[in-house]
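Line by line, the protein sequences are chains V and D.
Counting from 1, one number per residue, gives the positions in the first sequence under my numbering.
Counting from 1, one number per residue, gives the positions in the second sequence under my numbering.
Hints are not guaranteed to be accurate.
[As the list claims (entries may be wrong)] Calculated cross-link-like contacts (lysine to any residue; reagent style SDA-like; alpha-carbon spacing at most 25 Å):
1. D:Lys-123 with V:Asn-164
2. V:Lys-33 with V:Asn-134
3. V:Lys-124 with D:Ala-195
4. V:Lys-168 with D:Ile-129
5. D:Lys-109 with D:Glu-17
6. D:Lys-124 with V:Gly-163
7. D:Lys-180 with V:Asp-198
8. V:Lys-168 with D:Gln-159
9. D:Lys-124 with D:Arg-16
10. D:Lys-109 with V:Ser-121
11. D:Lys-168 with D:Val-191
12. D:Lys-180 with V:Cys-97
13. D:Lys-168 with V:Glu-165
14. D:Lys-168 with V:Glu-144
15. D:Lys-180 with V:Leu-108
16. V:Lys-168 with D:Glu-149
17. D:Lys-180 with V:His-94
18. D:Lys-168 with V:Gln-127
19. V:Lys-180 with D:Gly-27
20. V:Lys-123 with D:Asn-164
21. V:Lys-123 with V:Ser-138
22. D:Lys-25 with D:Leu-197
23. D:Lys-153 with V:Asn-171
24. V:Lys-168 with D:Lys-168
25. D:Lys-168 with V:Phe-122
26. D:Lys-180 with V:Leu-197
Hints are computed from structural coordinates only; laboratory data are not their basis.
Protein chains: 2
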Amino acid sequence: MTKIITISREFGSGGREIGRRLAEKLGIPFYDKDLIRMAADDIDIEEHIFEMYDDAFLEKEEMQYTPFSPVYEVPMSDQIFMAQSRVIRRLAEHGPCVIVGRCADMVLKDEQCLNLFFYASFKKRVQRILTRENLPESEFKQMEKKVREIDRKRRDYYQYYTGNEWGKPQNYHLCLDSHKAGQDACIDAAVAYMAYLD
Amino acid sequence: MTKIITISREFGSGGREIGRRLAEKLGIPFYDKDLIRMAADDIDIEEHIFEMYDDAFLEKEEMQYTPFSPVYEVPMSDQIFMAQSRVIRRLAEHGPCVIVGRCADMVLKDEQCLNLFFYASFKKRVQRILTRENLPESEFKQMEKKVREIDRKRRDYYQYYTGNEWGKPQNYHLCLDSHKAGQDACIDAAVAYMAYLD
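So here's chain V without its partners, still in its complex pose (with noise of 0.2 Å):
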């Protein structure tokens, strides 16, 4: 029986595209960049601020400045956050699909769901963002360092809204190299996997 999929995984480890391709294959839908614009028709907050707390955001920038709303005093990302959530919750009524990101495996914790790591070696990771970047050799260092640097800006965004630590298995039901074996192991496990899920 298909399910709510959820999706986490290491920079540069091919999560989301597995995810994706996941989706197509079990002909269900994949949902990553188009929730925070679903999630900022839901709270009416202006899509370019709304925008500015996504992913992408925390990859390029530091999560310290977080101004507060004039209406509850809440932290702007943490409205942004519960917004998400209640959006993740909607998609789930609706039926399986696949979310990559957000926490949404613990959004999502009442739910049936599958939920999946992804890594790969961190030199590998390095390596496919430079090919997919089409970056050189020689910004090979300086990579290294954005991939840890995104690496830990995920595991403290998990950290902080779940309380429970990124990528260790017992939050999973399976954590799956990406990398060793390629993504149609990948896909093909999870698939195996899924089928004895109540």
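Place chain D on chain V using the hints.
Showing chain D alone in chain V's frame:
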């Protein structure tokens, strides 16, 4: 292509049982306690001393007392680990098999293996051991203590002999929750993933 499969597992997760069934499904040998005896033959240590230091011993007693061999002044526990490692390498030369425990993933790190880690929620593992050993619910608290202790010893053993963190996803190809979807799900997922390994 069938590989050498190494299995690490939390106590009570059923990883050993899954390993046995996986070997049966693939028609390849399964090595666990037999390995101990083969290693004993290999280094000509009295079998009863050898068995004192196997996993069962580690599960019962403290690992503190490590008498020194009169020959090289290498602790007996280290000599046994080295002997087991030699046996594991020899088994690997003979072709595909399933090896449970004994840091086989690290011993064979230069070989083409599939490294699996099995886990399950703490309470489910405690419950599973109670059921397996036919013990009443009143023993739950006592069993919780035992499960924690054995996990700690496996973690220490792995850390001591490999320098790596036990149960850290990046050390394995796949980490699987053995309870949420059941043993068959784990077996099918592992077989599906393995099909793509070179």
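Hints, one by one, checked against the model:
Among the hinted pairs, Lys-123 of chain D with Asn-164 of chain V is consistent with the structure: their alpha-carbon atoms are about 18 Å apart, no more than 25 Å. A threshold of 25 Å between alpha carbons decides the hint, and for Lys-33 of chain V with Asn-134 of chain V the separation of about 23 Å falls inside it, so the pair holds. A C-alpha spacing of about 21 Å is found between Lys-124 of chain V and Ala-195 of chain D, which places the hinted pair at or below 25 Å, so the restraint holds. Restraint check: the Cα-Cα separation between Lys-168 of chain V and Ile-129 of chain D comes to about 23 Å, which is no more than 25 Å; the hinted pair holds.
The suggested pairing of Lys-109 of chain D with Glu-17 of chain D holds, with an alpha-carbon distance near 23 Å, which does not exceed 25 Å. The straight-line distance between the Cα atoms of Lys-124 of chain D and Gly-163 of chain V is roughly 22 Å, inside the 25 Å bound, and the hint therefore holds. For the suggested pair Lys-180 of chain D and Asp-198 of chain V, the alpha carbons sit about 9 Å apart, so the restraint of at most 25 Å is met. Restraint check: the Cα-Cα separation between Lys-168 of chain V and Gln-159 of chain D comes to about 17 Å, which is no more than 25 Å; the hinted pair holds.
As the CA atoms of Lys-124 of chain D and Arg-16 of chain D are separated by approximately 16 Å, the hinted pair is consistent with the 25 Å bound. Between Lys-109 of chain D and Ser-121 of chain V the CA atoms are separated by roughly 14 Å; this keeps the pair inside 25 Å, and the hint holds. Between Lys-168 of chain D and Val-191 of chain D the CA atoms are separated by roughly 21 Å; this keeps the pair inside 25 Å, and the hint holds. With a C-alpha separation of about 20 Å, the suggested pairing of Lys-180 of chain D with Cys-97 of chain V holds against the 25 Å cut-off.
Taking the CA atoms of Lys-168 of chain D and Glu-165 of chain V, the gap is about 12 Å. The hint holds against a cut of 25 Å. Between Lys-168 of chain D and Glu-144 of chain V, the direct Cα distance comes to roughly 21 Å. Compliance with the 25 Å bound is thereby established for this hinted pair. A C-alpha spacing of about 16 Å is found between Lys-180 of chain D and Leu-108 of chain V, which places the hinted pair at or below 25 Å, so the restraint holds. Proximity of Lys-168 of chain V to Glu-149 of chain D is assessed by CA-CA distance (about 20 Å); at most 25 Å being required, the pair is judged to hold.
Restraint check for Lys-180 of chain D and His-94 of chain V: the C-alpha separation of about 23 Å stays at or below 25 Å, so the hint holds. This hinted pair checks out: Lys-168 of chain D and Gln-127 of chain V have alpha carbons roughly 22 Å apart, not beyond 25 Å. The straight-line distance between the Cα atoms of Lys-180 of chain V and Gly-27 of chain D is roughly 24 Å, inside the 25 Å bound, and the hint therefore holds. Restraint check: the Cα-Cα separation between Lys-123 of chain V and Asn-164 of chain D comes to about 18 Å, which is no more than 25 Å; the hinted pair holds.
For the hint linking Lys-123 of chain V to Ser-138 of chain V, the alpha-carbon distance of about 14 Å falls within 25 Å, and the restraint holds. With a C-alpha separation of about 18 Å, the suggested pair Lys-25 of chain D and Leu-197 of chain D falls inside the 25 Å cut-off, and the hint holds. For the hint linking Lys-153 of chain D to Asn-171 of chain V, the alpha-carbon distance of about 22 Å falls within 25 Å, and the restraint holds. Of the supplied pair hints, the one linking Lys-168 of chain V and Lys-168 of chain D holds, its CA atoms being roughly 7 Å apart against a limit of 25 Å.
For the hint pairing Lys-168 of chain D with Phe-122 of chain V, the CA-to-CA distance comes to about 14 Å; that is within 25 Å, so the pair holds. With a CA separation close to 7 Å, the supplied pair Lys-180 of chain D and Leu-197 of chain V stays within the 25 Å bound.
Violated hints are absent here; each numbered hint is respected by the structure.
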